[in-house]
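Given chain A, work out where chain B should sit, using these hints.
Protein chains: 2
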Amino acid sequence: MAFGYNGKILRVDLSTRKISVEEPEEKVYRRYLGGGTLSLYYLLRELKPHSDPLGPENILIFCTSVMSGLTAPGFNKYTAAAKSPLTSGFGESEAGGWWGPELKSAGFDAIIIKGKASSPVYLWVHDDQAEIRDASHLWGKMTAEVQESLRKELGDNRIRIAQIGPAGENLVRYACILNELKHVNGRAGLGAVMGSKKLRAIAVRGKKNIEVFNRESALGIVKQLRESYVDDPSGLGQLGTARVAPILSAGGMLPTKNFITGFFEKAEDIGGKRMKETILTGRGTCHGCFIRCKREVKAEKPYEVDPIYGGPEYETVAAIGSLLEIGNLEAIAKGNELCGKYGIDTISFGTTLAFAMESYEKGILTSKDTDGLDLKFGNHEAMLECIERVARREGFGDLLAEGPEMAAKKIGKGAEKFALHIKGQPLPMHEPRGKKSLALAYAVSPTGADHLENPHDPFFEKEAGLIDIHPLGILDPLPSLDFSTHKVRMFVYLQQYYNWLNSIGMCIFTAKPFGPFPITKIVEYSRAITGWDTSLWEMLKVGERFANMARVFNLREGLGEKDDRLPERLHQPLEGGVLKGERIDPEEFAQAREMYYGMMGWDPQSGVPSKYKLEELDIGWIVPQLSRT
Amino acid sequence: MAFGYNGKILRVDLSTRKISVEEPEEKVYRRYLGGGTLSLYYLLRELKPHSDPLGPENILIFCTSVMSGLTAPGFNKYTAAAKSPLTSGFGESEAGGWWGPELKSAGFDAIIIKGKASSPVYLWVHDDQAEIRDASHLWGKMTAEVQESLRKELGDNRIRIAQIGPAGENLVRYACILNELKHVNGRAGLGAVMGSKKLRAIAVRGKKNIEVFNRESALGIVKQLRESYVDDPSGLGQLGTARVAPILSAGGMLPTKNFITGFFEKAEDIGGKRMKETILTGRGTCHGCFIRCKREVKAEKPYEVDPIYGGPEYETVAAIGSLLEIGNLEAIAKGNELCGKYGIDTISFGTTLAFAMESYEKGILTSKDTDGLDLKFGNHEAMLECIERVARREGFGDLLAEGPEMAAKKIGKGAEKFALHIKGQPLPMHEPRGKKSLALAYAVSPTGADHLENPHDPFFEKEAGLIDIHPLGILDPLPSLDFSTHKVRMFVYLQQYYNWLNSIGMCIFTAKPFGPFPITKIVEYSRAITGWDTSLWEMLKVGERFANMARVFNLREGLGEKDDRLPERLHQPLEGGVLKGERIDPEEFAQAREMYYGMMGWDPQSGVPSKYKLEELDIGWIVPQLSRT
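Protein sequences appear in the order of chains A and B. In this note's numbering, each number is its position in the first sequence, counted from 1, plus 1. In this note's numbering, each number is its position in the second sequence, counted from 1, plus 1.
Chain A with its partners taken away, still in its complex shape (with noise of 0.2 Å):
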């Protein structure tokens, strides 16, 4: 029984107010799949290289997969994507939630946007359907606001809506796009491309079934899945994902003082478990997922928080506590408020805040310079100040709002050092320096310094973990700290899965060794879904083919073996906590990457992928573009 997948991609000009609906052939969904994979097809042919990308001529893809929106757990994500204001390469981000899911129940697979508004709009999208219409009654309006607006506006409270606030519309470079208010395309200032492009918001509203090749077999393996998983075996779910802070601070590896240290002696106060015992409200999900590791708080004093907007994840509780030493849980869970009303990155916001904060400590930054505010590590009020300066861009937000790279730039006198960035994206809340392989993962990411891009952890290189990778053909525990070739050769096929799985948008934590779900399971999984006669070794190819596609894109703009580097931070030696003297050796880094270049079938010192490679991988026509570098 043949299957035909079927899928449209919609597509709209804001400039000339066109929208349009495509059809493409089955193959290039089985080749691209979704996700970042799908969004780079479509940016390598259709984006002028050197674009800028604020600019009306970049492009702003939202892409789900051919497996978005069932009902099996960690199939809800998106990813958005378009050439990054903070790295002018790839820029991509993922997000969960429900409104992937239901962009793919009012008929499309991904929303391809060109052109700029000539006044800020919002998009309507339901029943294989889109119109443009005016925002501009939205426009600086905070997202809760805009949520229930457009609800109203259009009658319809089941809407679900991806917008980006003030801060995308003042162009910060980190603004992100949220959904429902807390599921967020954070990184890579994807939210400010939005709000170059006047495009307040998409709402959407689908009403279609999903098809599926073999119903049947689906909802057994969902079934035998979700009987599998009992007592919330990892914690993620009754402690969220901020578990992890005081486990990380004790193994020496939780980001402190914008990375100075690695052990934070206030990490139990932000953590998974004191957030439970006190601001915790509710646990929230993603569609189809019985994890439920979203967090919904509520504080009344010092600060008033609205639960609307979820509760802080780790990355939030370490990039604006740890990181700035600042150990309040409730002014993290206010700022987390914050960046979700004005829509910013909470992410790449601590660790430019924590570049500013150690700039001051060091006096290359005054008070003068910071319009009054005393920027000492640990002070969270004027953690939340900032977070409103840069939403407006106003005085010196309007220096931290363009990230660390760009402020570093514009402040001079040694600053970069303090700059914690690859490739201009701020580094997330990981540390190299404890687990080895991260520092590779990180440098040669086509996005930057982004954790789920290629999330490694030690949990891998233990041997309990391992047992789940295996039929990635990783047999060998490797110590959290060995950089071998063995460690190189782990990260080479990690990345070929994980890249996989934002490909099929797919959530990690749901997926083994993170989560519940096999790795064979989700291939298994796939062919009930779509019917294809698949493998493990087809879906690996196509995280192989978005390694190499993300790699060309870069290359064509200019990113190539001399961005793929470290912060000099992460090259000297941790001060404190348990990893204390642990750095990555800058002779080891140099292997290590010469390795992987060599493994991924690139050039081994320029990392430019040879044009044999490309053609294995059947996207030969993409080698014409390699010759623009």
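No wet-lab data here; the hints were simulated from the structure. All values reported here derive from a predicted model rather than from experimental measurement. Please note: incorrect hints may appear among the correct ones.
Calculated lysine to aspartate or glutamate pairs in the EDC-like style (CA-CA distance at most 20 Å, straight line) [unchecked claim]:
1) B/Lys612 with A/Glu589
2) B/Lys209 with B/Glu23
3) A/Lys410 with A/Glu331
4) A/Lys612 with B/Glu595
Relative to chain A, chain B alone:
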């Protein structure tokens, strides 16, 4: 539940008469599985570079796999491997039948044979034990006699015997090894290696049950397979492999008259259908297989043919039939019997004789050179006579016993243009000019022109066959005559697949697309048998590992890019049949080869694997061997 795959390797040193047993760690089994790959693991470690293939230093390995001996169809093959006296590179050849499963039941996965006996011996393996025994009384005897003697001597009629015949004793360079007198390790001259060690036979008797991780699941898969196999869909069971001779001739691809043409007017006379209507007396099979493609033939006149030697395969009806313009099926059956009696590879013999016949036609050889034999094409009596003379290395037979490459060198006078071999291995009976990927397969095969190393067929290149190989990521139907980059990619992916099947000793006629076993089911079956949480990804990596190990072995022995070439004839147009005029364009070939090298992660010009590729495959330990090239 953890499962430890346990296996034992038997080591025999014929010079010192020392026997020992080794138990490799499980990871060795998981990375190398068995067959050619596990053989290369030992050859690369233990065989000194530049050893004389026929000297005591060569190492001869008989290797089953982690999957061998099971009740599913196809898992009965074992590999014989050594440095080849035909190619001076990696030599291997697989045989089905019962010997491999019997060895496994006797307690061993493999036998590694070193040294050389001072006088003829045989090996007697049973119940975890082995003995070296005198074989002086067997030396010089026909294979059927030896089988009978040994069974009588050891008092057990169920003993399985792998042996050489007089041709192996006499170091005929294409002597074979046979088990049950009709299952043959034909290619690469491994019978000569065995003869050089004065090892006439290995008698095996096993009574152990083979351990299986999940018997219920394994049996379920086999049951399902058996039930889905109805009515001999391909005709392979009813008509045997020789069924294709007339089909190929009609398609212009039946090697005829030393590859001058692809059409043989008597093709019907030598095909499987005619065989069934005339001399067929029974259908044989291999351990565990319900297809029963093997033949048993009997004739009284004009030649008496003993059914104990089975019957001719397709390769044989072409090699000593159409290739020599012989259309007499009884003569072919007699030739098949004689090759079985003496232990000669029918393919290599046929291609060698075709070389001699064309040299004779062109006047380069005369009846003075041939000891009076009238070597004109079509002379089947001369063909039969030559088998005996080759086996005994008698007069002109001594020259032919060297194979076409060496014989042509001895003859001189431009004879080499009629010598159809690659790296010294005579061409088997498939026509690269009619299926272009085969030109590449033959040229780069580590064992030279070897149709089982990379069995390509136009069948793959039609949409119907393609569906079966979708799990390999091959989605595009490609015409047989296409020689584009897409074809090279298809070849690269299929090669990894077939290398995997080789590693697990699986018969290609039982696996998709030739046979009933779907690719993803083979993986599922592997999981049930070994208990490993493995995947097609991990398994194809073994296939890739094989290709790289074999390549490094050959480079180390002096074989490289200069040897990856086709005989001149294939660059000339076919002179007859519906593909008249087709040739392998040297330019296209060179481009395809460069693309292949590059896609493999090898230097596109020299074909040398990069150290990065070897490290990626976890065979970094062979990197130092590259510097010996």
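Numbered hints the structure breaks, given as an ascending list: 3
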